[in-house]
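Given next are the chains, with one letter for each unit.
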Amino acid sequence: MKIYPLLTILLVISLFGLLFFQLFLNSGIEEFDQKKLAPFESNLLNGDSFTSEELKNNSLSLLNVWATWCVGCRLEHSYLMELEKKGISIIGINYKDDKEKAFKWLDQFGDPYSENIFDEKGEVGFLLGVSGAPETFLIKNGDSVVMHHMGVLDEQVWNNKFAPLIDK
Amino acid sequence: MIPELGNFLLIFSMINSLLLISIALVFPPKDKRFFLSASLVTFLAIFLSFIALEISFLTDDFSVLYVATNSNPNLPIYYKFAALWGGHEGSLLLFLLILAGWILVFVFFHRDHKHSSAFMNIVLFALLSFTVFLSNPFERLLPISSISGSDLNPLLQDFAFTIHPPMLYMGYAGLVIPFGIAMNFLLNQEKVKQLAPIRSWSVVSWSFLTLGISLGSWWAYYELGWGGWWFWDPVENSALVPWLLCTALIHSSIATNARQIFINWTIALTILSLAGSLLGMFLVRSGIITSVHSFALDPDRGIFLLLICFVIVILGFSLFFLKSYSKGLKTDMGIYSKEFMFFINNAFLVTLSAIVLLGTIYPIIYEIFSGGDQITVGAPYFNMVTIPFALILLFFQAIGPLTKWGGNKIDNLNSIGMIILSSTALSYLVSNIFFSFSFYEFVGNAIVLMLIQSLTLLVFKSFHSKRKINLSMIAGHLGLAILTFGITISSLNSVEKEFVLQKNESVSVGSSTITLENTQTVQEDNYYGDRVTFSFQEEDRVLKLYPERRFYPASRMETTEAGIYPSIYKDVYISLGQKIGENAWAAKVQIKPLVRFIWLGAIIMFLALFVRTNIKFK
Amino acid sequence: MKSFLMILILSSFVNGQDELKIFSFINDLDEKRFYSLQKEVSCPLCEGSSIAGSNAPIAFDIKNKIYEEILLGKSDEEILANLRNIFGEEVTYKPSFENNIFLWLLPFIFFLLILFAARIFLKKND
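Chains as they are written, first to last, in this note's numbering: chain A, 1 to 168; chain B, 169 to 786; chain C, 787 to 912.
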């Protein structure tokens with residue numbers, strides 16, 4: 001029966017080929033799945049109102065999710081200050097936090113944010129697909145999410161994930 | 169010094185294994201005792217190497233990198249011992265030890281096999297080389313930086329979890345033996361009788377795989393804290409696939425021994441089962457699929473492990489197709505014959521393994537072909553797809569033992585008919601009277617009833633006719649019936665409720681009431697946390713449950729310890745959620761009827777190993 | 787089917803975090819849906835757990851969302867699709883049929899193969 005050997009070879013090669021290929025892929029950089037930004041409204045830390053429409057004013061906006069209870073946010077803070085010095089405007093999303101504590105924090109450590117959305121209940125975060133802090137998003141034309149990094153933002157992450165998109 | 173000695177012994181055993189292979193294939197020795205002595209030497213070398221690593225663990229020798237990353241001076245002695253197989257390199261060493269041990273046992277009992285041990289040693293040698301060169305547990309950490317060592321993951325500091333890998337490895341490694349036997353047969357084409365040991369060895373592997381898998385499930389149930397006992401997690405599936413194939417192998421080899429049929433299929437199955445084990449080990453370690461379990465290797469090591477698996481599969485199938493056996497018998501195989509029952513058994517089991525395997529690697533396929541999109545295949549898919557096949561298979565399991573070899577009419581028509589009808593009717597009645605009708609409950613219970621009746625009938629028949637009875641088979645099938653019953657009832661009749669309670673507040677669940685009595689802080693050597701006392705009031709009694717939330721500073725992990733009130737009839741299961749303020753908690757209660765039957769069934773299946781296959785009533 | 791009312795909704799604030807409430811349902815069926823839907827959604831933060839088996843705050847948020855949408859009368863499919871939109875395809879455990887026809891049809895194909903093989907098997911030996 002010639003068909004069985006052929007069929008077996010085919011199956012074995014496909015299965016192992018797949019797994020080998022995936023192993024090689026894993027060492028490469030993943031492409032990010034763009035998605036639409038869900039429109040939202042909120043208030044800023046200073047009390048003013050804010051809607052996602054305002055993001056349409058810029059071709060690219062950087063959103064950074066942070067909180068005073070978040071240890072990683074302390075770690076990434078100095079890098080955010082560096083970015084701000086380079087002229088990059090960052091919109092903060094103060095996530096599930098206490099206003100008083102947030103103000104104290106920004107006073108104490110510095111404020112890299114052009115504005116700060118006060119997302120007390122995490123409703124804005126939820127719409128973005130946030131699971132915790134810190135997280136950083138790059139929004140294009142105010143309506144699509146072109147990058148979403150979960151975890152601390154440092155130079156390496158910036159160069160790998162964000163810089164290529166910004167330079168384009 | 170000792171780690172270097174351990175390393176040397178490992179290298180020595182690797183060379184010894186290679187020698188056995190070369191001599192067997194190139195200069196087959198006249199004196200068959202050669203294989204016994206060579207296997208003994210290999211085993212002893214690996215055993216002493218294992219001891220060397222254990223000494224490093226028990227003496228807190230943190231100059232050894234592997235010990236430093238998997239142990240901690242504060243661990244109790246038993247957990248230091250078990251920590252050896254808590255990580256990738258050490259667990260490989262344990263696997264090698266077990267494999268070498270099985271090979272030794274095989275050679276001891278089967279001196280007349282020419283090349284079986286050589287083929288088994290090919291697998292051993294490949295994994296030994298991988299360990300020595302790419303995953304060496306004896307690597308030194310210089311300079312010694314961390315005196316305190318890191319910690320064993322708190323989830324793993326648990327008795328059931330420490331014996332779960334060794335039991336699984338006994339099963340996985342055991343599948344190398346049938347492979348060797350089958351390859352030897354293909355090479356030498358001697359009597360079919362040489363394939364006979366495959367049956368006993370596959371039962372041995374199967375029993376240990378059953379025990380290993382059920383220990384994992386049992387551990388997940390009480391340790392992970394959420395009441396689940398099977399998640400169709402990729403690593404669980406990696407153990408399930410070899411188990412299913414091994415079950416098929418048992419039955420196929422029985423048919424081969426009894427009637428000299430399915431010979432080529434049995435041989436092919438040994439290759440598939442071994443491939444399943446090796447692939448399973450690869451999937452767990454390579455990080456190719458994210459899971460709670462994975463050891464997370466770097467891709468280079470993953471590549472080599474996959475390569476080993478690939479080469480062994482190619483070797484096996486090449487030999488198979490080049491030299492397949494053509495002198496098998498053709499016997500009467502009507503639709504009412506035992507032969508056909510065994511065919512159905514194998515067809516369904518292999519199908520189930522293929523489905524589980526496919527579901528597990530599907531996310532990889534999807535990611536590659538969609539250009540990077542991720543997808544998750546979980547319980548809803550697997551449950552939907554495997555349950556129908558499993559139910560049909562179990563139905564045949566009830567009828568199968570009542571058929572005869574070569575039977576071409578329904579010999580037991582009356583008994584089989586009665587069993588099917590009575591089970592269906594009884595299950596239908598019970599489902600409608602006691603519970604709200606659920607299709608799967610009806611079918612599940614009907615099939616369990618059929619299984620029980622069929623087994624009872626078998627026992628009675630051999631008792632009456634004084635013929636031999638396969639008690640091992642009865643135990644194995646009975647265990648599966650009990651397990652199925654446990655799964656059916658607990659999955660379809662569980663009650664769950666999430667709630668928030670202050671101190672001394674209550675909430676009702678069905679006809680029972682839960683009250684939050686008290687919160688205390690707890691502190692032990694390596695953790696601290698909160699312990700909450702709940703009382704669960706049923707009609708006639710009050711039960712107490714003590715769920716906890718713990719924090720382990722060394723590894724900075726938080727765990728949920730469920731409060732469980734166990735009984736054979738049902739488990740009451742409380743898991744803590746968030747703490748609110750000082751004295752209130754969000755929590756979840758589950759009442760799971762007959763869930764313990766699942767592990768009871770599994771234990772009975774394991775015990776089938778120790779019972780004889782031919783007992784005669786006098 | 788009996789319907790029953792649970793305990794009152796309880797609100798409290800913890801460290802300025804969100805309200806925690808009991809999920810109360812009028813309808814038995816809705817309650818069952820709530821718990822079974824949880825098992826179909828994976829917790830985005832934890833590898834390998836569903837939101838039913840996770841204490842992460844995001845898991846709680848998603849449970850809340852499911853609860854709200856059940857009360858709003860959305861169907862299971864709508865709720866899951868919405869979550870997929872927000873968190874990505876990989877957040878649900880059941881792959882959609884349209885995009886994964888191969889995966890869903892394969893079991894049927896296997897079944898047909900078994901029937902086919904059985905026929906060959908039985909024919910061979912008449």
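The hints are simulated quantities; they were obtained by calculation from the structure and are not laboratory data.
We treat Cβ as the ideally placed atom computed from N, Cα and C, and that holds for glycine.
Possibly wrong hints are sitting among the right ones.
Unchecked claim - Partner residues are not named here, just some residues of chain C that face chain B (Cβ under 8 Å, in silico):
| hint | residue |
| --- | --- |
| 1 | S861 |
| 2 | D862 |
| 3 | E876 |
| 4 | K880 |
| 5 | P881 |
| 6 | F883 |
| 7 | I900 |
| 8 | F902 |
| 9 | F907 |
Hint by hint, here is what the structure shows:
no., hint, result
1, S861, "15 Å, violated"
2, D862, "11 Å, violated"
3, E876, "4 Å, holds"
4, K880, "4 Å, holds"
5, P881, "6 Å, holds"
6, F883, "10 Å, violated"
7, I900, "5 Å, holds"
8, F902, "10 Å, violated"
9, F907, "5 Å, holds"
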